[in-house]
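Taken in sequence, the protein lines are chains A and B.
The opening residue of the first sequence carries number 7 in the working numbering; numbering runs sequentially from there.
The opening residue of the second sequence carries number 31 in the working numbering; numbering runs sequentially from there.
If you are wondering where the hints come from, they were derived from the structure by calculation, not from laboratory data.
Hints may contain errors.
With a straight-line cut-off of 16 angstroms between C-alpha atoms, the simulated EDC-like cross-links for lysine to aspartate or glutamate are [said to hold, decoys possible]:
#, chain 1, residue 1, chain 2, residue 2
1, A, Lys140, A, Glu108
2, A, Lys173, A, Glu279
3, A, Lys112, A, Glu264
4, A, Lys143, A, Glu111
5, B, Lys376, B, Glu303
6, A, Lys112, B, Glu299
7, A, Lys143, A, Glu108
8, A, Lys85, A, Glu206
9, A, Lys132, A, Asp59
10, B, Lys376, A, Glu111
11, A, Lys278, A, Glu264
12, B, Lys376, A, Asp59
13, A, Lys132, A, Glu82
14, A, Lys146, A, Glu87
15, B, Lys219, A, Glu264
16, B, Lys376, A, Asp244
17, B, Lys376, A, Glu279
18, A, Lys62, A, Asp244
19, A, Lys146, A, Asp59
20, B, Lys376, B, Glu299
21, A, Lys112, B, Glu296
22, A, Lys222, A, Glu87
23, A, Lys278, B, Glu296
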Amino acid sequence: MDDKPESGEPPEAGRRKFLGLVGGGSIAIATTALLPQAAAVVVPDKPEIPGYDWNKHHWAFGIDATKCIGCLRCVEACKVENNVPTDANHFRTWVERYVTLEGEEKTRIDSQHDPVNIQAAGAEGKYRFANRYKDAKVEKAFFVPKLCNHCTHPACVQVCPVGATYKTEDGAVLIDHTMCIGCQYCVQACPYGARFFNEEIQATDKCTWCYHRITKGLNPACVEVCPVSARIFGDRNDKQSPISVFLRNNRVTVLRPESGNAPNVFYVGIDKEVS
Amino acid sequence: MDTLFHVAPFTGYVYPNETVIPWTVLIAIYPYLTGLVAGAFTMSSLYQVFGMQRFKPVAHFAMLTSLCCMLIVPLPLLLHLGQPMRALNPVITPHITSAFAIFGYAAGFYVILLLLENWFVFRPHIVAQAQQRTGPLGWFYRILTLGSYDLSDRAMRYDRKWIFALAIIGIPGAHGLHGYVGFVFGSLKSREWWSSDLMPPIFLFSAIISGVALLIVLYAISCRLRKIPIDLDCMKGMTYTLWGFMLFALLLEAVEFASLVYRGREGIEVILEYVSGPLIVPFWIIQIGVCSLVPVLWLTYMIWRGVGGNALIAGTVLSALLVLVGVLMMRWNVVIGGQEIAKTGKGLLTYHMPLFERESAVTAAVLLIAPFVLLAAAVRLFPPWDDTNGPH
Numbered sequence: 007m008d009d010k011p012e013s014g015e016p017p018e019a020g021r022r023k024f025l026g027l028v029g030g031g032s033i034a035i036a037t038t039a040l041l042p043q044a045a046a047v048v049v050p051d052k053p054e055i056p057g058y059d060w061n062k063h064h065w066a067f068g069i070d071a072t073k074c075i076g077c078l079r080c081v082e083a084c085k086v087e088n089n090v091p092t093d094a095n096h097f098r099t100w101v102e103r104y105v106t107l108e109g110e111e112k113t114r115i116d117s118q119h120d121p122v123n124i125q126a127a128g129a130e131g132k133y134r135f136a137n138r139y140k141d142a143k144v145e146k147a148f149f150v151p152k153l154c155n156h157c158t159h160p161a162c163v164q165v166c167p168v169g170a171t172y173k174t175e176d177g178a179v180l181i182d183h184t185m186c187i188g189c190q191y192c193v194q195a196c197p198y199g200a201r202f203f204n205e206e207i208q209a210t211d212k213c214t215w216c217y218h219r220i221t222k223g224l225n226p227a228c229v230e231v232c233p234v235s236a237r238i239f240g241d242r243n244d245k246q247s248p249i250s251v252f253l254r255n256n257r258v259t260v261l262r263p264e265s266g267n268a269p270n271v272f273y274v275g276i277d278k279e280v281s
Numbered sequence: 031m032d033t034l035f036h037v038a039p040f041t042g043y044v045y046p047n048e049t050v051i052p053w054t055v056l057i058a059i060y061p062y063l064t065g066l067v068a069g070a071f072t073m074s075s076l077y078q079v080f081g082m083q084r085f086k087p088v089a090h091f092a093m094l095t096s097l098c099c100m101l102i103v104p105l106p107l108l109l110h111l112g113q114p115m116r117a118l119n120p121v122i123t124p125h126i127t128s129a130f131a132i133f134g135y136a137a138g139f140y141v142i143l144l145l146l147e148n149w150f151v152f153r154p155h156i157v158a159q160a161q162q163r164t165g166p167l168g169w170f171y172r173i174l175t176l177g178s179y180d181l182s183d184r185a186m187r188y189d190r191k192w193i194f195a196l197a198i199i200g201i202p203g204a205h206g207l208h209g210y211v212g213f214v215f216g217s218l219k220s221r222e223w224w225s226s227d228l229m230p231p232i233f234l235f236s237a238i239i240s241g242v243a244l245l246i247v248l249y250a251i252s253c254r255l256r257k258i259p260i261d262l263d264c265m266k267g268m269t270y271t272l273w274g275f276m277l278f279a280l281l282l283e284a285v286e287f288a289s290l291v292y293r294g295r296e297g298i299e300v301i302l303e304y305v306s307g308p309l310i311v312p313f314w315i316i317q318i319g320v321c322s323l324v325p326v327l328w329l330t331y332m333i334w335r336g337v338g339g340n341a342l343i344a345g346t347v348l349s350a351l352l353v354l355v356g357v358l359m360m361r362w363n364v365v366i367g368g369q370e371i372a373k374t375g376k377g378l379l380t381y382h383m384p385l386f387e388r389e390s391a392v393t394a395a396v397l398l399i400a401p402f403v404l405l406a407a408a409v410r411l412f413p414p415w416d417d418t419n420g421p422h
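Please construct the entire structure, taking both the sequences and the accompanying hints into account.
Right under this line is the structure:
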């Protein structure tokens, strides 16, 4: 991107630095007075990854729903990679199944949190789609992987009262768990249901595009394990990256464009019911 | 063992992460309490600012009530936070694009304003007690005088000026604080049930009627406890106030609901399924029927027939009790209702309120009772009664 600031500091860096100093400092005073063992965490202004410059990247995600087979390896990989609670109510990524039966106008939608699918999997920590339509006449069926859209104008970032969730210069929307107060206003604001409250850390959680991996040149875990390449990830600044090729060769759409959030997960092959 | 979270049963399609309802009963209690603050303050302003003499018997009581409710307002939020130790961060390092970032400032400003106004109003009592009493209570009042024992005419005129100015600032302050709570919900574009420009005025008018209704009930109870007759003129004034504001509140809610249905945007089928199913009892029967239409018709009848005496008192107090329940149900139906309609626009969830836990029915009940425990203590320390407090 040409219009990146030259300074290398994000627009909010000054404020975040202030947040780190004042917030961290006051928490340090407060917590060390009350709980001597609690150490204050001062948040760095940007990720300290040797050789990584977030001004030089512009990450984006693509989903080719025509390829997805609903195996849910992505969901499993994400849960393991990111320590996501293994129940059926907390997901950084999930897959939706859309089935239209012959003679029916309304599309049937389910995901792995559906009791029928949990039963088929045998436990909440295992993920699979039950073969519930095997005796029905299916007219149309497809799967849609979902994840945080890392929007350009994220409603979640707008509403966070402390700026614990923020937009990085390379396009990801991240959460600083050491600053999150756990009010869940962002959970409400996200129209995609991408955010959840992680009770284990008492803070809000969501997909980071595996920021810890992508900043080391790796793919997100879900992209890595997808056996059919339904998930595409890459740097839009690199014209030969998978995502650049994907965006060049396809007519893509985004979810809920009317929300004004301007998502950065681009879809191919989804139907009108998908939102 | 405490469960880490409660799964909300659902029908249709809801996003997996939606099955844990983010905002619980405590977030329904929070706007209810701020509403009572704004409403009670309105009642006191009718006397302090607009000079309506008939409200003199409840003017100071209303201000004390407003303060006691306001002191409890932050508690439901604090109890809801995943990280209560970081509760002050929005004040220390506010993220100014957040509709919630200025809550701490708005609430803090308003608490200071209420404390100041109450101090000026009760200063003659504080000074008198400081001079008479000994022991710990004497010390308490002597500290509260802040070193000022001057009760001369000049000083009292000066006090009255301050009370008037603070009451004037307090009107936009109280109403702004509560309209802003409505904005927190109304500005969220992710939920059709909340996303409405009318949300702030709806919150505001329901706040005013809840505050007036609370004052009616508390005033009646206080007179009964103090074994003094109820001032009929004052009661009648409150009847009119409650009735008038109720008409606005109901009209606004009707317009909001009508435009939601008439616009019929995406997801309207599920909203209609919701209002014609799970909402029949909490919304149509309790909030609209029993707690809005019954009292407003009853009050209309009493005003139309010129009912007076004990019949007026009984009718108004009962109507006010219904209104208090109705506004609580309104908060519930907005806060919980909005989350029971899935963001997918294709499914419904059911919130189950736990009985004992951090965010449970018991916590909510304690938070609803707490302001009145405070108030019971406050009226003993600072008698707000017209007949004991001398002229103002």
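How the hints compare with the structure:
{"no.": "1", "hint": "A/Lys140 - A/Glu108", "result": "holds, 13 angstroms"}
{"no.": "2", "hint": "A/Lys173 - A/Glu279", "result": "violated, 29 angstroms"}
{"no.": "3", "hint": "A/Lys112 - A/Glu264", "result": "violated, 23 angstroms"}
{"no.": "4", "hint": "A/Lys143 - A/Glu111", "result": "holds, 13 angstroms"}
{"no.": "5", "hint": "B/Lys376 - B/Glu303", "result": "holds, 10 angstroms"}
{"no.": "6", "hint": "A/Lys112 - B/Glu299", "result": "holds, 12 angstroms"}
{"no.": "7", "hint": "A/Lys143 - A/Glu108", "result": "holds, 6 angstroms"}
{"no.": "8", "hint": "A/Lys85 - A/Glu206", "result": "holds, 14 angstroms"}
{"no.": "9", "hint": "A/Lys132 - A/Asp59", "result": "violated, 37 angstroms"}
{"no.": "10", "hint": "B/Lys376 - A/Glu111", "result": "holds, 14 angstroms"}
{"no.": "11", "hint": "A/Lys278 - A/Glu264", "result": "holds, 14 angstroms"}
{"no.": "12", "hint": "B/Lys376 - A/Asp59", "result": "violated, 42 angstroms"}
{"no.": "13", "hint": "A/Lys132 - A/Glu82", "result": "holds, 8 angstroms"}
{"no.": "14", "hint": "A/Lys146 - A/Glu87", "result": "violated, 33 angstroms"}
{"no.": "15", "hint": "B/Lys219 - A/Glu264", "result": "holds, 10 angstroms"}
{"no.": "16", "hint": "B/Lys376 - A/Asp244", "result": "violated, 39 angstroms"}
{"no.": "17", "hint": "B/Lys376 - A/Glu279", "result": "holds, 10 angstroms"}
{"no.": "18", "hint": "A/Lys62 - A/Asp244", "result": "holds, 10 angstroms"}
{"no.": "19", "hint": "A/Lys146 - A/Asp59", "result": "violated, 45 angstroms"}
{"no.": "20", "hint": "B/Lys376 - B/Glu299", "result": "holds, 8 angstroms"}
{"no.": "21", "hint": "A/Lys112 - B/Glu296", "result": "holds, 14 angstroms"}
{"no.": "22", "hint": "A/Lys222 - A/Glu87", "result": "holds, 15 angstroms"}
{"no.": "23", "hint": "A/Lys278 - B/Glu296", "result": "holds, 12 angstroms"}
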